[in-house]
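S.K.: Here the protein sequences come in this chain order: A and B.
So the first sequence is residues 1 to 583, counted in the UniProt record's numbering.
So the second sequence is residues 1 to 90, counted in the UniProt record's numbering.
Careful, some of the hints might be misleading.
Below are the SDA-like pairs computed for lysine to any residue, each with C-alpha atoms no more than 20 angstroms apart in a straight line [what the hints assert, rightly or not]:
| # | chain 1 | residue 1 | chain 2 | residue 2 |
| --- | --- | --- | --- | --- |
| 1 | B | K54 | A | G196 |
| 2 | B | K6 | A | Q238 |
| 3 | A | K261 | A | G196 |
| 4 | A | K50 | A | Q62 |
Just so you have them, the derived chain A footprint on chain B, three or more residues with Cβ under 8 angstroms [as the list claims (entries may be wrong)]:
| # | stretch |
| --- | --- |
| 5 | 29-37 |
| 6 | 71-81 |
For the record, the hints were derived by calculation from the structure and aren't laboratory data.
Every residue gets a Cβ at the ideal spot worked out from N, C-alpha and C, and that includes glycine.
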Amino acid sequence: MTAGERLPSVFSLAQIQPVSAIVDINNFFSNCAIVGNFQHASPALQPVVKALLFQCRALGIQVENHSLMDAGTNLPLTFITPDFESVECRFSFWSDSEQRAGCEATLQAATGLMSVHGRATGRAQPIPLPYLSTVSATLALQACLATALARRRGLGISRSRVSMASAGLLCAGQYLAGATTREDAEEILPGHHDAGLRPPFRSADGVRFELETLSADPWRRLCDALGLEPVEAGRGWQSFLQRYAKGICPLPERLHKRLAKLSFAQVTRICGEAGVALCRQRTIEERARDSDVEELLRAGPWQLHPAIPTDTPLPPPREQDQPLSGLTVVESCRRIQGPMAGHLLSLLGARVVRIEPPGGDPLRGMPPLVADCSARFDALNHHKEVIEIDIKSAAGRAQLVELVSDAQVFLHNWAPGKAEELGLDYRQLAAASPGLVYTHAGAWGQLDGALDIPGTDFTVQAYSGLADLIGRAGGHGGGTLFTALDLLGGILAAQGVLLGLLSRSFCHRGGQANTSLLGAATLLSQSHLHACRMGTALLEPALADACKNLVIENLRDLPQQSHFNGDLHTDSYTRVTPPWRFS
Amino acid sequence: MTIKVKIPTLLRALTGDQKEVETTGGTIGEIIESLEQQYPGIRERLMSGDEVHKFMNIYVNEDDIRFRERLATAVSPSDTITILPAVAGG
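Chain B with its partners taken away, still in its complex shape (with noise of 0.2 angstroms):
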């Protein structure tokens, strides 16, 4: 199953510059494992062990997958994930 990803600026590094990628996977968790294949060290900078980086968020079109079931999230092809760095201040 084909999924587009849209690639944060601090990422294309690892994407040759690309800012939307096609992928496969099921979940969440089985893109960010085809991600890694097709661009090895994407995983590193979008896990902190087994979850996703505090400062990173990943939507399935407008829901941040931390308020659905995380890396078990489901997609399907009509789909568009968008991963984006989280801001905060003080």
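So that you can see chain A by itself, here it is in the shape it has in the complex (with noise of 0.2 angstroms):
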């Protein structure tokens, strides 16, 4: 069916330029469109409609509002590609239900993310942002890419489906991955650590900063100039270092007070001697007068750079129900933001090749550990075939160039500059498969090279003003320790990639489709900077307090949900299914 004949009450086929066979890339998203009745959605799909909203209207898509569809317990999408084909999507807050109603709060609370952010907190509580809003929208716009792009390669499949309740598990998977193991599985509750040991620091001139090393040498110089006993500095290194996955961070009372009696700058100074990075924790209005921001919002979080025509086709798919069946993705990263981009990938059907250093990446012995592997790094990584090959040697280079040879998408999250220093950047893997997507899955964005902090998910919400917003709201002080910006900057890189494949599959041009963390911040943010920027008061409701029965304190809870039956997946550990359903 197409879009005139589906829609014709609302959307002028004169709006869309008609297209034989390769369309204009730098007109090409604003050749397409998204439906929905957003003017009249309800107050709890508001914030997910605005993020949505926000990034079509980043890309350039046209949204054409449908006051008959749909807008009050879930929303109905509709979203036509230039050759006038459409596909549909349905939003709704619960898989098992379309119906039942709920709202960011609410949905916080039933997955475990109020949970997992109220480790650090004191007590369970929402983050205080539109966060599952924004990474379900997402989540409902890759869908329509990925539907749309499997339309365009003869595939079956037309409509599909995204609640906010899988958003939220598929944001709570590795911590639920680690808290379901069946030996050794990890019981960490909210409320059971003092929030006052945590980060960020906070000088005696009363400046709130973080710290961040991934080294321990420079831990343990900065301990040591400030006076701590060796055996202190190295229980608080453990606690530091494993705080990206255990949701907690509680350090020696010492080391918050030592800091305490130094000003701002004794301890920048201290901090440079010990080669730690620091990080001043900025307000949300700092961040508004930055020279990238404006950028961000005007085009989103994504870098998009379409280059080198090719006449290569994608190759065809092998599986019916799968959008990106018959397409290889080769992904070189570390951690959980660029994994997370792959595992979505994977998700969607690509075939995902991993690249690991020799003897593997060494989280795979994170605990707790299902069959010899780390399961919240299995949880991220278990669709994916992997290969162990030593980047740093030119065999090992040209290993990788061969493998991307057969590949769509190169995907990576090395540190700027590296990609050109290992002649692995753009040009030249492009070289070896025309029309290959190539994302960087960044920390900075347009700032990498300018600031001298390693980009990690903490140091990006103290830069960002983030952490300033959580912190205030939540009368701790600082940013959350779930590692929200890791998680979005995944998805959003995943999103890069979809773009990339859907544009190239009309444009017959591949291209860079990069993004970065600070950018998945500023999208957090964006009505807060919108608010700053014109000098406006914040237009955004507060949370409401999620009904308090609702909230799982406990992760083990989630699996005796009835609501999440199709959402999870218990072996010998509870997986988080696809949070997509295609049909």
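Can you join these two chains into the complex? Each is in its own frame, and there are hints to help.
M.R.: Below, the structure written as structure tokens:
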């Protein structure tokens, strides 16, 4: 069925340029449209609509309102591509019942996010941002893009479903894996750790700041300089290192106290001498004045650079029900953000080949283990093929180029400049695979190279103003130790890949589609940034108090919730099923 | 002096799948050398140059050797040595 047949009353076909074979890449997304009843969305759906339309407008996708479509407890969407083909996506709060009401706070409570955030904030409480609204809107747009690509490739898929519940569980997935292994499962409950002992730190002159180092030696030097005992420093290091995995970070009280006796200038000097990176926790007002903000608000969190035309068609699908079936992604990523992007692409049916260093990724050994592999690692990587390659060697790099020559997507999260240093930047890999979509799931985006701070979830929260927003609302002074930006950053990187693949299928050009943690932070705080830049009051309503009986405190209780039957699958640990359903 | 060493999954291919092995030595450095004699190749996986690899943590009981005397950290037969990969995010 074409858009013209489906929506004659609301959509003027004259607005979309008809296409025969190739679409101009610069106008590609402005020749796409999304239709829904956005104007009459219920208050609970409004944050989702806002996040969705922000992304559509940033891409140039035409937004059409259809006042007769649902907009109460679910939001049906129609996405139309330049060839007038339309696909549908139905957004709801819950997967098992499209008519059950929900909202951001309810779903943060029910999917365990409030619990994970509460591990280090004294009690289960919401992340005071439209977090799941943004994640689920992104997943809904992904579903539209993936389904449209499937149609374009001749698959028999035209409909999809996404829920905020499945988005929440996707984000809780690694923590859930760690909590549900048969042996040595983690049980970290909200309120059991002193919120006063976690970062951020505060100097004598009242400046809040984050510290970051991925190595023990700088940490030890800093602790030595502050007069901490080595054993105390070592225990603090364990806690500091594991905060990414556990969502808690109780540090020695003496570390906080010693830092609190120094001025920020003194802290800066001591950290510099020790080699520990320091990031001042900035306000959203400061962030609003940064040079990259205007572009991120205008063009969204993706940096799309279409390039090299190709006559090579995308390979044919192998399975009819998986949008990316037949496509190959080569992933060279560590930790959370990049692997999350590859995970989503594998859930969409792509063959994902993961490059690991000789001996395997060390994170495979992070407890708790299931069948000799870390459960939390497996949660993000179990669908991938693994090849061990030493990319520091010439032979290893040649092997990687060989792999990419059979792939349509290359995904990495290397530090700034490393791709060029290795000779594995876009230009070099696109020469091996014409039409390649090349995605860097980075940290600082446009500010890469301008900031001398490692770009990790917690430094980016501090720099972007998010930590200040979250800490002020929650009364604990800092950001969330739930890895909110790594996860959203990974979801946006997968989005970048889909944008690249869909435009390639129409325009016969590959290109770069880069994303960053700072872009993810900017997307989450876009309403605050707009308000700051316009000098207006924030119109965002505060999160409603979730019904207390819905709050999941112990993640182990999630699999027992009957409304998540289709969202979770328990085997050696509880795994989250794909967040979309295609038909 | 016989010491028990807990081996992480990643290195078990080198230890014939044993989760815990016994070796000898009075310091961590000596223990790594003994392990290398018993399970060739393990040193390379633990060390980068003259230091323990950044992604590997070695504990004497609960204490990270980087916060004691590194490779010179003394061990006694009642101690348990644990090797664990490190985790970081971003």
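S.K.: Now, for every hint given, state plainly whether the structure supports it.
M.R.: Okay, the hints, checked on the actual structure:
no.	hint	verdict
1	B/K54 <-> A/G196	violated, 29 angstroms
2	B/K6 <-> A/Q238	holds, 18 angstroms
3	A/K261 <-> A/G196	holds, 16 angstroms
4	A/K50 <-> A/Q62	holds, 15 angstroms
5	29-37	violated (count 0)
6	71-81	violated (count 0)
Hints 1, 5, 6 from the earlier list are contradicted by this structure; the remaining hints agree with it.
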